[in-house]
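Given chain R, put chain H in place with the hints provided.
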Amino acid sequence: MKQDRWLQRGAARLRRAGWWVGWGPVAVALSLAVLLSAGTRAAAPVQGWYIDEAHTSIDFKIDAVGFPTTRGHFNRYSGRILIDFAHPARSFTNFTVDSGSVDVGSQSFNDFVRSAALLDVAEFPTLSFQSTQVDKLDPRTARVSGNLTMRGVSRPIALKVDVEADPAASGRAVAFLATGAISRSNFGMNFGIPLIDDTLEMTVRTRALSDE
Amino acid sequence: MNDAAAGWPLVLKLLHWASAALVVAALGLGTFMVQFVRDPALRFDLTQSHKSIGVAILALTLARLCVRLLTKAPKPEPAARLLALAAAAAHVGLYAALVAMVASGWLMATTTPVRVPTSVFGLFGLPYPLSPGLPKYLFAHAVHVMAAIALAALVAVHVAAALVHALLWRDRTLARMWLGRRGAEAVGVGQNADMRTAGVSCAMVVPRLP
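Chains as they are written, first to last, in the working numbering: chain R, 1 to 212; chain H, 1 to 210.
So here's chain R without its partners, still in its complex pose (with noise of 0.2 Å):
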């Protein structure tokens, strides 16, 4: 079989990108539970794509008063990501953050955005997004609507996509740039608020690597 055989080589390159172990049953699941409501609908399978962790970055900025922009990033992530080309809108994202390993700069800075007032690290250890909807905007964006939780509380936010197949790898790699405002009181985040702006700004760059 077909499916056998990608579901098997995806799963041989997932568990040298390290998070097979934790989330191999429940990518298992999605997988076919993705494959074969493709394999009803439409000839062509949803395409599998691993990421790329070296060239994935989790970003974000947030403004205050009084105080200099912050940008900071997440060291420790998994995710996956199904592409359908023919038919975008069944395509599907999910990304899976340890809260804990923020960093914006300094140990005692990143202590504190742990904290309960920030990210609250001890009660809620990961953030986390799954897509719900995938919207082909043009040739080469896609808005991607869906679920963010983070402490605790799971809010729908859309992301505006660039979506850019790298030439020099003949279509088995795919560079995506996510981008989005998220207004953390509604994640019950108030921290600062006004004097720490309400919008933070995500940017979410990856690529996509075929396993095809």
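None of the hints are false.
What the simulated footprint calls covered on chain H by chain R, stretch by stretch (three residues with Cβ under 8 Å from a Cβ of chain R suffice, anywhere in the stretch; the number is not a length):
hint, stretch
1, 37-51
2, 107-117
Computed footprint of chain H on chain R, listed as stretches where at least three residues anywhere in the stretch have a Cβ under 8 Å from a Cβ of chain H:
hint, stretch
3, 67-79
4, 108-116
5, 187-193
Far from chain R by the CB rule (all over 12 Å, computed), these chain H residues:
hint, residue
6, Val-11
7, Ala-86
8, Val-143
Calculated directly from the structure, the hints in this document are not laboratory data. A virtual CB, placed ideally from N, CA and C, is assigned to each residue, including glycine.
Just chain H, lined up with the frame of chain R:
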């Protein structure tokens, strides 16, 4: 008993010069971090250091006020009545500005809507007695800035006056506060006895820091 040639008690000298170093550091750091530091993590860390230095200044100032009130000052060098009055006013002003600086800084850290725990030199947390609130914070901030300007001006006058005493008038005003040999000569026996008494009294009066 005070000898006319005596200097300030050693403990006051030490407190004075330690405070001087910390005040210059806090004023310089506070101005530098707010005006020039654009890196958020560095600003965060420097603010913590600034707050720690402020708490140290508070401790030294309370100890100094206590010792100062319980010991006799050395007899002032002869000076015009108006100048002596101005000197006394400047010294009271320095103490007042120091207390205002630390109090308004503490108030800022307490009332800011961006409340960040203060870890004093990483040793203990600073208690925050009031609830956060923007109007209170803006008031504390205004006081802190004005007190900083006043303190910097008073320190400049204080240093200038000390130099005038030492270099132009060539009296012992600066020597009485000096830690070196010239200062050591100035410490009288009576001062040491005073100092010991004051030290014991202050240790009982000054509330322990958290």
